[in-house]
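Starting from the known structure of chain A, arrange chain B on it as the hints suggest.
Protein chains: 2
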Amino acid sequence: MISNSMKKIVENSSAIRAMFEEGERLASIHGKENVFDFSLGNPNVAAPEMVRDAIIDILMHEDTLMVHGYMNNAGYVDVRKDIADSLNRKQGTDFTEANILMTVGAAGGLNVILKVLLNPGDEVITFAPFFGEYTNYVNNFGGVLKAVEPDLKHFQLNLESFEKMITPLTKAVIINNPNNPTGVVYSEDTIKSLADIMNRKQKEFGTSIYLISDEPYRELVYDGVEVPCLTKYYDNTIIGYSFSKSLSLPGDRIGYLVIPFSLDDYEDVFDGACAANRILGFVNAPSIIQRAAARCCDEKTDVYFYDENRKILYGALTDYGFDCVKPQGAFYLFMKSPVENEVEFCEAAKKHNLLLVRGRAFGCPGYVRLAYCVSRETVVNSLPAFKALAEEYGLIK
Amino acid sequence: MISNSMKKIVENSSAIRAMFEEGERLASIHGKENVFDFSLGNPNVAAPEMVRDAIIDILMHEDTLMVHGYMNNAGYVDVRKDIADSLNRKQGTDFTEANILMTVGAAGGLNVILKVLLNPGDEVITFAPFFGEYTNYVNNFGGVLKAVEPDLKHFQLNLESFEKMITPLTKAVIINNPNNPTGVVYSEDTIKSLADIMNRKQKEFGTSIYLISDEPYRELVYDGVEVPCLTKYYDNTIIGYSFSKSLSLPGDRIGYLVIPFSLDDYEDVFDGACAANRILGFVNAPSIIQRAAARCCDEKTDVYFYDENRKILYGALTDYGFDCVKPQGAFYLFMKSPVENEVEFCEAAKKHNLLLVRGRAFGCPGYVRLAYCVSRETVVNSLPAFKALAEEYGLIK
Numbered sequence: 001m002i003s004n005s006m007k008k009i010v011e012n013s014s015a016i017r018a019m020f021e022e023g024e025r026l027a028s029i030h031g032k033e034n035v036f037d038f039s040l041g042n043p044n045v046a047a048p049e050m051v052r053d054a055i056i057d058i059l060m061h062e063d064t065l066m067v068h069g070y071m072n073n074a075g076y077v078d079v080r081k082d083i084a085d086s087l088n089r090k091q092g093t094d095f096t097e098a099n100i101l102m103t104v105g106a107a108g109g110l111n112v113i114l115k116v117l118l119n120p121g122d123e124v125i126t127f128a129p130f131f132g133e134y135t136n137y138v139n140n141f142g143g144v145l146k147a148v149e150p151d152l153k154h155f156q157l158n159l160e161s162f163e164k165m166i167t168p169l170t171k172a173v174i175i176n177n178p179n180n181p182t183g184v185v186y187s188e189d190t191i192k193s194l195a196d197i198m199n200r201k202q203k204e205f206g207t208s209i210y211l212i213s214d215e216p217y218r219e220l221v222y223d224g225v226e227v228p229c230l231t232k233y234y235d236n237t238i239i240g241y242s243f244s245k246s247l248s249l250p251g252d253r254i255g256y257l258v259i260p261f262s263l264d265d266y267e268d269v270f271d272g273a274c275a276a277n278r279i280l281g282f283v284n285a286p287s288i289i290q291r292a293a294a295r296c297c298d299e300k301t302d303v304y305f306y307d308e309n310r311k312i313l314y315g316a317l318t319d320y321g322f323d324c325v326k327p328q329g330a331f332y333l334f335m336k337s338p339v340e341n342e343v344e345f346c347e348a349a350k351k352h353n354l355l356l357v358r359g360r361a362f363g364c365p366g367y368v369r370l371a372y373c374v375s376r377e378t379v380v381n382s383l384p385a386f387k388a389l390a391e392e393y394g395l396i397k
Numbered sequence: 001m002i003s004n005s006m007k008k009i010v011e012n013s014s015a016i017r018a019m020f021e022e023g024e025r026l027a028s029i030h031g032k033e034n035v036f037d038f039s040l041g042n043p044n045v046a047a048p049e050m051v052r053d054a055i056i057d058i059l060m061h062e063d064t065l066m067v068h069g070y071m072n073n074a075g076y077v078d079v080r081k082d083i084a085d086s087l088n089r090k091q092g093t094d095f096t097e098a099n100i101l102m103t104v105g106a107a108g109g110l111n112v113i114l115k116v117l118l119n120p121g122d123e124v125i126t127f128a129p130f131f132g133e134y135t136n137y138v139n140n141f142g143g144v145l146k147a148v149e150p151d152l153k154h155f156q157l158n159l160e161s162f163e164k165m166i167t168p169l170t171k172a173v174i175i176n177n178p179n180n181p182t183g184v185v186y187s188e189d190t191i192k193s194l195a196d197i198m199n200r201k202q203k204e205f206g207t208s209i210y211l212i213s214d215e216p217y218r219e220l221v222y223d224g225v226e227v228p229c230l231t232k233y234y235d236n237t238i239i240g241y242s243f244s245k246s247l248s249l250p251g252d253r254i255g256y257l258v259i260p261f262s263l264d265d266y267e268d269v270f271d272g273a274c275a276a277n278r279i280l281g282f283v284n285a286p287s288i289i290q291r292a293a294a295r296c297c298d299e300k301t302d303v304y305f306y307d308e309n310r311k312i313l314y315g316a317l318t319d320y321g322f323d324c325v326k327p328q329g330a331f332y333l334f335m336k337s338p339v340e341n342e343v344e345f346c347e348a349a350k351k352h353n354l355l356l357v358r359g360r361a362f363g364c365p366g367y368v369r370l371a372y373c374v375s376r377e378t379v380v381n382s383l384p385a386f387k388a389l390a391e392e393y394g395l396i397k
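Chains as they are written, first to last, in the working numbering: chain A, 1 to 397; chain B, 1 to 397.
Any given hint could be a false lead.
Note: identical chains are not told apart, hence a pair may lie in one copy or across any two.
What the hints assert, rightly or not - Lysine-lysine pairs mimicking DSS-like chemistry, simulated, CA-CA at most 27 Å apart:
no.: 1; residue 1: 32; residue 2: 81
no.: 2; residue 1: 7; residue 2: 146
no.: 3; residue 1: 7; residue 2: 203
no.: 4; residue 1: 7; residue 2: 201
no.: 5; residue 1: 326; residue 2: 300
no.: 6; residue 1: 192; residue 2: 164
no.: 7; residue 1: 232; residue 2: 164
no.: 8; residue 1: 351; residue 2: 32
no.: 9; residue 1: 336; residue 2: 146
no.: 10; residue 1: 387; residue 2: 350
Don't read these hints as lab results, they were simulated from the structure.
Extracted from the complex, chain A is given alone in its bound form (with noise of 0.2 Å):
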């Protein structure tokens, strides 16, 4: 009795569950300690102390009216221009609270801005390997999500084929900068190459071609990498930001969108996108936690930790032989099945207690993604198990 197209994201769900109760299956038959986890982007590190000294000095000293109250769909002006000033120190853009909208987490964020953007058979393109949550948003909509066949090499953007897909009916494309599954950052002169092809494409069409870049790992970079901002590429770009990863607060829903001025239909999208975040249920961003993120938006989580995490990993994966993409942000590491069905590869995995997930799930077969936003003691104990597995695999020389 329930709609059609829920049954089929049900059934998918379930497929995941599977997976979960899966593990704790095998933890309960090895202990926890014994069963490693990779499967989850849930961080590890704890949210940083200011944001609980934050929250308790706004409950005890702000008007608890104001801050269990109502405001504007868009959020509270003042935290939005903490925001915008915190993005211009950083990025030397000039934003201000009018190119800000406090939302629930990235992902109410990317509904959102979908929302306004979408005509029922509108195409959104993307590139492989992506979050496979983009699929539902775009649905969410009507809309079409078209993959960019992946770039097996760098893992940077596939652009030749990127250009052949657009069409009259493009209204979006998404970028995950960092990226997820593969931890990639994409560079400046790939940026640069991208927002070449977007304008000579709308030039071509007589259409607005958003770029939605979608940066809830913005933060989350080794080696000195930079993560270009793209609004100084493109015009027409929107951004979707989390502190889910850079403050540790994924359960605490809250982001934020960037809708620059230099936007096509700026007013419009703007309008629309606190319409919608009203129509959609969020009605606002929650509100302690926006007036707590806008406190602590300079804040740092501990990357060093994470970058320990996949050092540790890295290392030792392709010492055993393993092909893996090396990361330089995000705390995702893509690995290539050593057999072209990567499922049976986690079947096999999974008898060493190592849970991956598939990348088909991120619309890349034969590679599997492993989070290492884990403990360090579940990095270091699965090293074993990886090896036990390359061995299996015949990869270690």
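Coordinates of chain B only, in the frame set by chain A:
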């Protein structure tokens, strides 16, 4: 360049904003204390102190990774259990955590359940006057909202018209008890008759017709009136609840759905609601506030405060000759416009610095809504303005 559906909604929102701006303009001329804004359902009673204490205690004593982390899309198991237990104590029901899904307020919950149920073209019936956002919520998923004409005598449910409106395409019925905008509570007799009709029509058409009861005002009732617990009267009932009014936490965005075992396809509906919470971008209800709401779910707001406002306002307005529906719940008063076109009457009221909302926003032209969740001062000081307005229309005898 924004979508066609959003264009209309943005235009509509602009009209609402224009009203707010007019209020601000009036305040800048006459002083804020001389403008009587009855347009917004934003509680003027502070959240109970227990909410603040609970949040601080959670931050100081619970595991920080758990408090800020992802959990099941349905919400924390212990939170859902606490809420089920509280409902069972109050209502004599026997819900478990498997019947409770934590949501981003009632607005989030309604969107989730409509996403689960509706195929494009499905019909949803509600009763005028109704909360105007229902139209948007139903349209979000391609559904069609049909409104039963109001019962202008008692503002109960017009069941004769309702029965005729049900077709094989009717997937759901939404009622709002106590009602926004009238403040009327539907009696047990009304609910029994409603259930009878729906049961009969389910049999006739061989369909499941879900009753969605939107109950953010459940605890706000006066004169000892009781709000019937609808799951007892009709098996296919889903309840949407919010702590926005009962704990004065509208900005925090916290509520829940009750999905009873008695529901047709209970399992698919519950699993579907979890998946819908995820893919609509809510992911989960905000985590800290989930935990705080569980601790405070037996707390009550200051109903006495609203009741006093109600008595003062209802007493004075009827005294001045206005024709008002006597509110038994919520914090709204629905008043007949002395002229057929209530838009004209709202404009006349504005000249007395009284801000009212047009009945047509609730599918009931010829009436206006007053939200009396304002300060006592606003209520008392507004009376001379209402009196002058009544005199202008020749109502005072």
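Handout entry: Intra- versus inter-copy proximity for residue 164 and residue 232 (alpha-carbon distance at most 27 Å)
Key = Within one copy, since 25 Å is at most 27 Å while 59 Å is not.
Practice task
Have a look at residue 7 and residue 146 and pick one of within, between, both or neither, based on CA distance no larger than 27 Å.
Solution key: both (22 Å within a copy, 25 Å between copies)
Practice task
Could you place residue 192 and residue 164 in one of the four classes (within, between, both, neither) given a Cα distance threshold of 27 Å?
Solution key: within (17 Å within a copy, 61 Å between copies)
Problem - 27 Å Cα threshold - placement of residue 350 relative to residue 387 - result: within (14 Å within a copy, 76 Å between copies)
Exercise for the section: Go through the copies and call it for residue 32 and residue 81: within, between, both or neither, with a Cα cutoff of 27 Å. Expected result: between (45 Å within a copy, 25 Å between copies)
Handout entry: Same-copy or cross-copy closeness of residue 336 to residue 146 [CA-CA at most 27 Å]
Key = within (23 Å within a copy, 54 Å between copies)
Exercise for the section: Go through the copies and call it for residue 7 and residue 203: within, between, both or neither, with a Cα cutoff of 27 Å. Expected result: between (41 Å within a copy, 24 Å between copies)
Handout entry: Identical-chain pair category, residue 7 with residue 201, by Cα at 27 Å
Key = So residue 7 and residue 201 pass the 27 Å test across copies only (25 Å; inside, 37 Å).
Problem - Intra- versus inter-subunit Cα pairing at 27 Å for residue 351 with residue 32 - result: Intra 15 Å, inter 69 Å, cutoff 27 Å: intra-copy only.
Practice task
Since the copies are identical, ignore which copy is meant and state whether residue 326 and residue 300 lie within 27 Å (CA to CA) inside a copy, between copies, both or neither.
Solution key: Intra 23 Å, inter 55 Å, cutoff 27 Å: intra-copy only.
Checked against the numbered hints above, the structure breaks none of them.
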